[in-house]
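Asker: Protein chains in written order, with the numbering used here: chain A, 1 to 584; chain B, 1 to 99.
Hints may contain errors.
[Stated by the list, open to error] Stretches of chain B that chain A covers, calculated by requiring three or more beta carbons in the stretch to come under 8 Å of a beta carbon on chain A:
id: 1; stretch: 7–14
id: 2; stretch: 17–27
id: 3; stretch: 63–74
[Said to hold, decoys possible] Simulated restraints, written as ranges between beta carbons of each label pair:
id: 4; chain 1: A; residue 1: Ala405; chain 2: B; residue 2: Arg66; range: 36 to 44 Å
id: 5; chain 1: A; residue 1: Gly209; chain 2: B; residue 2: Asn32; range: 19 to 27 Å
id: 6; chain 1: A; residue 1: Val582; chain 2: B; residue 2: Val22; range: 32 to 40 Å
id: 7; chain 1: A; residue 1: Ala18; chain 2: B; residue 2: Ser42; range: 27 to 35 Å
id: 8; chain 1: B; residue 1: Arg66; chain 2: A; residue 2: Pro334; range: 36 to 44 Å
id: 9; chain 1: A; residue 1: Gly156; chain 2: B; residue 2: Ser34; range: 20 to 28 Å
id: 10; chain 1: B; residue 1: Ser42; chain 2: A; residue 2: Val19; range: 55 to 63 Å
id: 11; chain 1: B; residue 1: Ser42; chain 2: A; residue 2: Phe583; range: 24 to 32 Å
Simulated from the structure, these hints should not be mistaken for lab results.
Given the structure is predicted, the values throughout are model-derived calculations rather than measurements.
From the three backbone atoms N, C-alpha and C, an ideal C-beta is built for every residue, glycine too.
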Amino acid sequence: MDIARMARLAPIDYVVMAVYFAAVLAVGWLLRRLMRTSTDFFLSGRSLPPWVTGLAFISANLGAQEVLGMGASGAKYGIATSHFYWVGAIPAMVFVGLFMMPFYYGSRARSAPEYLKLRFDEKTRTLNAVSFAVMTVFSSGISMYALGKLLNLLLGWSFDASILVSAVIVLLYIVLGGLTSAIYNEVLQFFLIVFGFLPLVWLGLVAVGGWHGLSTQLSALSVARGFPPDAYTHAWRTMGDASRNPIGVEWFGLVMGLGFVLSFGYWCTDFLVVQRAMAAESMTAARRTPLIAALPKMFFPFLVILPGMIALVLSGGGAGQGLIPAKLTAAGLPLLDGAGHPVLDYDLATPMLLIRLFPTGMLGLGLTALLASFMSGMAGNVTAFNTVWTYDIYQAHIRKGASDAHYLWMGRAATVVGIVLAIAAAYVASAFNNIMDMLQLVFAFVNAPLFATFSLGMFWRRTTGHGAFWGLLSGTIGAAVHHGLTLPAGAVPGIKGGYLGLMHTYPSELAQTFWTAITAWTTCMVVTIVISLVTRPRPDEELRGLVYALTPRQTDAEHSFWRRPVTLGVIVLIMTLALNFVFF
Amino acid sequence: MSGSASLDLRLPIGGLFTTLGVIIGVYGIATNGSPMYAQSESINVNLWWGLVMLVVGVLMFVAGMRATRAVRASGMHETMESPEGRATERREHRSGLER
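Here chain B stands alone, though its shape is the one from the complex:
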């Protein structure tokens, strides 16, 4: 069986938002005061939204890291590959063939 234990989804999502947050936030700092912000109601939306994404991204990534470490420590990912799991799959395949 495959499993969520093998790749915690919060890791790639956290990584994506951390990266995007840094890129857009830094761009916001570099362009602070630029006339282009007239179109966004004089709000430096790059800076502010970059910060929001950075915070969300880091929180998600940390949560994903902690969960992954806990799973490794408990050895749960070993049982995901148990002989019983394989047997269940073979049974499902056979019953699928009978349909």
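Only chain A is shown next, with the shape it has when bound in the complex:
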């Protein structure tokens, strides 16, 4: 991998990085005196303005894996990757803002699992809290591992030093300033990511001759890969048939699996993002948080997906395609697939473009943006972990009724322990790569049915605690069974599925993922409804403020027309629809 390691940093690049590190630590330092109660530490005292919580809402999700992964998918699937935004994230964010936030914020729950406790019972809360806590630790561990490996590959930095330095900085600013510090820095990191990647897209488009040049070159490549010429540059045109687009999925699987189940499941129930809205200063601010977040989010495909597409056509030499290098065998030779083509290392698409186009100076900024995305993702995980641990596990099961100062202390301790565990997970990942693949798979099974549980809880008052608990469990099992009975094309039974026998083969891994999610959601929905109907519901008085039918409507009459969440939601949806048509 000699072409990759050619990136050399000059002193000016290190100065840019140092300025960024100083800025995030300064924010933590300036906020330290404000952290007096546990509410300050875990919920920012519910006092932040919506533009701050809104930008943190997307930034907490914008980890290094998102930035690198979306570039990789851009190179693999083309502009259709933006379905993750225009079919998936945006409609889900509008839904959570308009319809679900009144219950999250209005119930005064301090976490998403705590809402489940208020609405259902202790066992449903604990199931969700424990799986969520384990998941946050491992996902920050996995992304830490990815970052350490990348910096080692590109710059020859030591794996241990890269991991330790970035983890210690995140640790310091969270212990000092709690959730406020994490959120403030997420907003700062958001701007840094935008300003680091925007010039990359600009120079990239100049280099390939603009959008026109890019689509001409991509259509030749598309035909060479056996797809219609517009498969990489149009999002919908080839979605009629799974065999005509590189994602390998048809429109129904896409809209249901990615759009409905996966995206609503993530954006509407994941405490990592919901926590940002809970820190807002008022109900209206909380409801506007995901809507304000959706405005920049809908343009993110241009920031993170386009670099992958550009890297695919910009000439780089070597055994790969464009700038994307081939994966190497143990002997150091390009890895070939069955047809004799090299297997591409898509995750390197965006970093390779960065190195190719940025001179000294800007290179420092681009790498700092990459570090910033990693840190914002990690801080998001850590602050969600310390809250769920302290409120939903420690306070609920280990030590009830302690003083507020004790829980504040526990929050700081949990931050340290969470980061130490994440570092340990990163080393486990570097030792046993397959274990991590397996864990990510299990997380997908655990997450997929959640949206059914939350939406039934919020919108159907007859739902019972027993129904929710068994529905969640069987949804997870349903996902595992579906995955165990199917395989993506060309894979062998094992980690990719098929371990229970083979009933169906999907054209791609993504298609299999979408249908696994659809199965999990449907199973959870059906089981929850059936069990709820045969168990005793809670009396209506206990459910006020927790269920749609028993909560007064939000009229927003006190706000002017333009400031109402509904108005903003409609604007967001119209703009997203327009983007879908432009790239149809």
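Let chain A serve as the given structure and place chain B on it in line with the hints.
Answerer: Just chain B now, with coordinates in the frame of chain A:
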């Protein structure tokens, strides 16, 4: 209660981008015409992007300064520490314990 009134977020962000803009912009001036810009399509991207960051940084910083001064003048930051605020927090803590 803590509050946005105590630290306007535009100040640190504005400060960061002003600093980065100056550093990268000055480096761009110093290296103008250097052969290294061949890789960025002959655009002195350090100079131009440094200028963009400088302008954005200064605008943000000024907006943050003005807002902070307005808050101080109206005395709003005093009310953030009101006895009512403390009482609300104690109530929230108690209801949290009952859960």
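Asker: All hints are to be evaluated individually against the structure, with a verdict given for each.
Answerer: Right, here's what the structure says about each hint:
1. 7–14: holds (count 4)
2. 17–27: Since three or more residues must qualify, the claim that chain A covers the stretch 17–27 of chain B holds, with 6 doing so at under 8 Å.
3. 63–74: Check failed, 0 qualifying residues.
4. Ala405/A to Arg66/B: 36 to 44 Å: 37 Å, holds
5. Gly209/A to Asn32/B: 19 to 27 Å: 26 Å, holds
6. Val582/A to Val22/B: 32 to 40 Å: 38 Å, holds
7. Ala18/A to Ser42/B: 27 to 35 Å: The hint (27 to 35 Å, Cβ to Cβ) holds, given that Ala18/A and Ser42/B are roughly 29 Å apart.
8. Arg66/B to Pro334/A: 36 to 44 Å: 58 Å, violated
9. Gly156/A to Ser34/B: 20 to 28 Å: The hinted range 20 to 28 Å holds for Gly156/A and Ser34/B, with Cβ atoms some 24 Å apart.
10. Ser42/B to Val19/A: 55 to 63 Å: Since the Cβ atoms of Ser42/B and Val19/A sit about 27 Å apart, the hinted range of 55 to 63 Å is violated.
11. Ser42/B to Phe583/A: 24 to 32 Å: 30 Å, holds
This entry does not satisfy hints 3, 8 and 10, going by the numbered hints stated previously.
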